[in-house]
Amino acid sequence: MRNVWVVTTNTFREAVRDRVLYNLVFFALLMMGAAILVGQISIGIEESVIVSLGLSAISVIGIFIAVFIGVGLVSKEMEKRTLYALLAKPVQRWEFLLGKFGGLVMTLTVNTTAMAVGLYVALWTVKHPLEHSDWYLLVAVYLILLKLALIVALAMLFSCFTTPFLAILFTLGLYVAGLFAEDLRTMQAISLTPETMKLFRGISYLLPNFENFNVMGVVAHGRSVPATLVWQDTSYAILYAAIVLAGAAMIFSRRNLK
Amino acid sequence: MPNAAIEIQNLSKDYPFGFLHLRKRRSLENLTMQVQAGDVFGFLGPNGAGKSTTIKLLMRLIFPTSGTARILGKPIEDVSMHQDIGYLPEQPYFYDYLTAAELLNYFARFHGLRESDRRARVERMLKKVGLDTAKKIQLRKYSKGMLQRAGLAQAILHDPQVVVLDEPMSGLDPLGRREVRDIILELKKEGRTVLFSTHILSDAEMLCDRVGVIVGGKLRGVGTPGEMVGIQTQGMEILFELDGSAKKPALLEKATKTGERYRVQLPEAELYNALDQLKEAGARILSVAQIKPTLEEFFMNLVDADRAQANAVEVSGR
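Here the protein sequences come in this chain order: A and B. 0 is the number of the first residue of the first sequence in numbering that gives the first Met the number 0; add one for each residue after it. 0 is the number of the first residue of the second sequence in numbering that gives the first Met the number 0; add one for each residue after it.
It is possible that some hints are incorrect.
Computed cross-link-like contacts, DSS-like style, restricted to lysine-lysine with a CA-CA straight-line distance of at most 27 Å [as the list claims (entries may be wrong)]: (1) B:134 to A:79; (2) B:127 to B:187; (3) A:75 to B:134; (4) B:73 to B:143; (5) B:278 to A:257; (6) A:75 to B:278; (7) A:257 to A:79; (8) B:253 to B:73; (9) B:188 to A:79; (10) B:217 to A:257; (11) B:23 to A:79; (12) B:126 to B:73; (13) A:197 to A:75; (14) A:79 to B:187; (15) A:75 to B:143; (16) B:143 to B:187; (17) A:75 to B:135; (18) A:257 to B:187; (19) B:143 to A:257; (20) A:257 to B:253; (21) B:127 to B:217; (22) B:126 to B:187; (23) B:140 to A:79; (24) B:253 to B:278.
Rather than coming from a laboratory, the hints here were simulated on the basis of the structure.
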């Protein structure tokens, strides 16, 4: 695992030096603006507006980074041929892949944590002291992070066998489809035959269920998130990402470089 | 007999092309050769001949269609083999957000070197390739030649037994080329095996124990530079001076004059007759030498012959 860690730390360093974390400035400005504006226009619901806005921004910015940088993790290395010298070291291709994944997840963790701190600061400006229920926000942030890790894995899988542009399209497409996985499973359309229903249900189980990770509505109203859901989501994300990364490693280990 | 550091057996590589990738173009055909331990081996060939393909196959960057290869007795699929191998890619490009020192330190970590050892080696290598004054500059600000030096430093950082260099002189000024030549000679002196590809033939002639010439994906010859070019002489050349008052020998018609000196080229069988003529005329003979084809001429003959042959080899899907 030493090699994986070496690649992970270097990928994190790359993200920092390529100014990926500059998005935090945008987030900080958004939160400051929201805190000032919300205090003036929404009476009584400032907290839920700030929480919803903050969590949405954390999610959208995270998805943007996970997809665009996730796709570039492998494809950029192949295109620029920075990978050549590295693969001539005693490094397995799967170690490289896992290290790149770890590096971006580490970047997203730092980014998301910083945004969560910003969200709490904004929340504190509209109401202080903070209440016990406000700490449920951390659970929502954690689930967003799991979702982002899963998106990174998918972006890497696609970038292992197709062009960066198509990999971005496939990842975003699968993300949107994954938001509706639950609906596909429970769909009771009159016009559909039982066979088609079975097919849809089968597809719904294969799709990554991203709606599982969305507890924004719950925490925005100060309600707690069941512990079982957190454990289930954690296990689901780990298992799903592991399968996706194993697939990516299998493809990448047979790939001829340019 | 010395051990082979690199053994290649019937290595072939086809690249798919066309819309559905159903057609295949053969880029390397049944390459079989050996590089002996401790040798400097030059891999010569024009662009697209298959040099880089061979090196990439050895470095597992691409996978063979058929055939096998072993380095230091281990199959190329064995990743642990890379502990003892250094590789400089063609036109190397590295993480441009790193400094040269950070890059070398990063690569050294894969070899399990301890931090203090890593630091000392990095310093030593940067000095060796002349980058010690630029070690804190990010690679994005490096020139092509400086990147080449950084690439060379990472290739030899971990004291590998086998060093594979893909066009190591490319992009270097005459001073840089001489430094690379010195490093290659130093590696040889240390008993390491060096395989390098080049199309700068004078470098190959100067550095290599043996060379292999590859054209159109096929190996056309392996041997010492002398063996490759010195199979037969192309005649004799006499350099002489002639006093203005002396009797003009008949062979003067064939000679070319440069300053006060005459140069004449003639078949080997006519040498003694010519020397007698010159002696009679009272000429001062400065040198008598065999005319041998240079490696460049040998190389160009092979390339011309290949171009005259069939077009690119296409193995299927025509």
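Hints, one by one, checked against the model:
Taking the CA atoms of residue 134 (chain B) and residue 79 (chain A), the gap is about 22 Å. The hint holds against a cut of 27 Å. Distance restraint check for residue 127 (chain B) and residue 187 (chain B): the Cα-Cα separation of roughly 16 Å lies within the 27 Å cut-off, and the hinted pair is therefore satisfied. A hinted pair counts as satisfied when its Cα atoms are at most 27 Å apart, and residue 75 (chain A) with residue 134 (chain B) qualifies at roughly 25 Å. Distance restraint check for residue 73 (chain B) and residue 143 (chain B): the Cα-Cα separation of roughly 34 Å exceeds the 27 Å cut-off, and the hinted pair is therefore not satisfied.
With a C-alpha separation of about 64 Å, the suggested pairing of residue 278 (chain B) with residue 257 (chain A) is violated against the 27 Å cut-off. Distance hint between residue 75 (chain A) and residue 278 (chain B) is unfulfilled; the C-alpha atoms sit about 73 Å from each other, more than 27 Å. Using a Cα cut-off of 27 Å, the hinted pair residue 257 (chain A) and residue 79 (chain A) holds, with the two alpha carbons roughly 10 Å apart. Between the alpha carbons of residue 253 (chain B) and residue 73 (chain B) the distance comes to roughly 59 Å, so the proposed pair goes past 27 Å and is violated.
Proximity of residue 188 (chain B) to residue 79 (chain A) is assessed by CA-CA distance (about 34 Å); at most 27 Å being required, the pair is judged violated. Of the pairs offered as hints, the one joining residue 217 (chain B) and residue 257 (chain A) holds, with about 20 Å between alpha carbons and a cut-off of 27 Å not exceeded. At most 27 Å may separate the alpha-carbon atoms for a hinted pair to count; residue 23 (chain B) and residue 79 (chain A) meet this at roughly 25 Å. At roughly 32 Å between alpha-carbon atoms, residue 126 (chain B) and residue 73 (chain B) are farther apart than 27 Å, so this suggested pair is violated.
Annotation: proposed proximity of residue 197 (chain A) to residue 75 (chain A) is violated, straight-line Cα distance about 40 Å (limit 27 Å). Proximity of residue 79 (chain A) to residue 187 (chain B) is assessed by CA-CA distance (about 31 Å); at most 27 Å being required, the pair is judged violated. Restraint check: the Cα-Cα separation between residue 75 (chain A) and residue 143 (chain B) comes to about 20 Å, which is no more than 27 Å; the hinted pair holds. Simply put, residue 143 (chain B) and residue 187 (chain B) have alpha-carbon atoms about 26 Å apart, close enough for the 27 Å limit, and the pair holds.
Our distance criterion of 27 Å between C-alpha atoms is met by residue 75 (chain A) and residue 135 (chain B), whose separation comes to about 24 Å. The suggested pairing of residue 257 (chain A) with residue 187 (chain B) is violated, with an alpha-carbon distance near 31 Å, which exceeds 27 Å. A hinted pair counts as satisfied when its Cα atoms are at most 27 Å apart, and residue 143 (chain B) with residue 257 (chain A) qualifies at roughly 20 Å. Simply put, residue 257 (chain A) and residue 253 (chain B) have alpha-carbon atoms about 54 Å apart, too far for the 27 Å limit, and the pair is violated.
This hinted pair does not check out: residue 127 (chain B) and residue 217 (chain B) have alpha carbons roughly 36 Å apart, beyond 27 Å. The straight-line distance between the Cα atoms of residue 126 (chain B) and residue 187 (chain B) is roughly 19 Å, inside the 27 Å bound, and the hint therefore holds. Only pairs whose Cα atoms come within 27 Å are accepted, and residue 140 (chain B) paired with residue 79 (chain A) is accepted, the gap being roughly 16 Å. A C-alpha spacing of about 17 Å is found between residue 253 (chain B) and residue 278 (chain B), which places the hinted pair at or below 27 Å, so the restraint holds.
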